[in-house]
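For the record, in the sequence shown the residue sitting at position 361 is 361 according to UniProt numbering, with numbers rising by one throughout.
Since the hints were derived computationally from the structure, they do not count as laboratory data. Every value quoted in this text rests on a predicted model; they were computed, and no experiment measured them. Any given hint could be a false lead.
With a straight-line Cα cutoff of 20 Å, these simulated SDA-like cross-link-like pairs (lysine to any residue) come out [as the list claims (entries may be wrong)]: (1) K136 <-> E186; (2) K361 <-> E388; (3) K136 <-> K52; (4) K52 <-> Q393; (5) K136 <-> R233; (6) K107 <-> T81; (7) K136 <-> G260; (8) K206 <-> T81; (9) K206 <-> Q219; (10) K130 <-> K206.
If you anchor each label on the Cβ, the simulated ranges turn out as follows [unchecked claim]: (11) S232 <-> G372: 42 to 50 Å; (12) P235 <-> D41: 29 to 37 Å; (13) D308 <-> W39: 30 to 38 Å; (14) D266 <-> T173: 22 to 30 Å; (15) I310 <-> I356: 29 to 37 Å; (16) T143 <-> K390: 49 to 57 Å; (17) T173 <-> M259: 13 to 21 Å; (18) D316 <-> E250: 18 to 26 Å; (19) Y187 <-> E153: 15 to 23 Å; (20) R264 <-> N66: 31 to 39 Å.
The beta-carbon is built from N, C-alpha and C at its ideal position, and this holds for glycine as well.
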Amino acid sequence: MFSDLVRPWTGNQKSGLSLLSGLFITGALATSTGAFAEWQDPLQTPAMSSDKAHQSLLLDVTERGNALVSVGAYGHAIVSTDNGFTWFQGSVPVTTTLTSVDFADEKNGWAVGHDGVILNTADGGLNWTKQFDGFKANEAMLTSARNNLTNAEERSEEIQETGSDMEVEQAMTALENAEFAFQDAEYDLETGSTKPFLDVYFWSAKEGIAVGAYGMAFQTMDGGSEWFEISSRLPNPNRLHLNAITRVGERSLTIVGEMGLMLRSDDMGETWVGQSAPYDGSLFGLLDEGDTQILFALRGHTYRSDDDGITWQALDTGSEQTLLGGFSSDRGAMLVGNGGSVVTLNAQLSGAESTIIAGRKGAASVIRSEAGHFVIAGDAGIQLVSREGKLLQRQAEMSEEKGNE
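Given these sequences and hints, build the entire structure.
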């Protein structure tokens, strides 16, 4: 199950990917379409209460104040207020798979997932409401693609009259890309809400960005009352999957994706430029810790930069397993991935050590609890491990109590 699904995450920094590039589409379509009479629209069907929610597929875990929140399959969103030992389930209006969750503060959070869904909570994860979905996303993408095509046509006509040969060639390429994008947007509108969001990041209770499959990217400036398309701002003409978005420094954001895609904004999403990556395979997450950045990717490829991403040095992690999620602080970092792979880095973010969690269940994301142990979300649900990657004797359990808020 987990080999089809993975995830991306950032104070402590967290980053990762919620769906393994190239394989997640099957899962997304399975969630979004149905051939049987009993099929129920996952966007209209509330998540069922389950005493096994903590043991089902979970794709992200994050902190909100002193608590933890994890999301995953079947619309499960669970909350822990005791460092991950006991969890209770939040009320969610959808059953679609949730791939990523982020909180701006202790109360205000957002979760995204399959079917282009974006959910919001204003009470720390107890209750969630739907703000956005793939149908709205498709309409917005079509409007944007139509406008871009019109602009490209006008630009092409103008350049052919006055431009140089190189300018004409560039204008024709831009027009061709705009035509393809418009055709894709028309198809998506007919197909329905099939494209998943893969990551979400909020830097205030009002401002955030969600990114996902086929270059899909949306931003809000009002806490999600309105989400507007920003895919057209990105230098991503091939509409590669956007796997993760991470804050870098005070005013910068970085998006990583498939085929070595790295995009950077130094004005919090207004403008974007391409950034050279050290690897041309799928990138799943970026950790930013002071002057050092850690980039992790397919087949265990991991890189370190000490000059804000200008140059990168490969790190020998001792693992060839794909790394999907990570967490860093001034104490070091932990990366997790397929086959229960765990890679730890020391306080200098070097000296990598690799181990395998007992059971070899795939891991999608990780965060350190206030008690010092690490909380991992993945194919086995919630797993609690030591810094050395060893399972704690006491593991997670569900509770009907809501905990101390």
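Which of the stated hints cannot be reconciled with the structure, identified by number in ascending sequence? Hints 3, 7, 8, 13, 18 not satisfied by this model.
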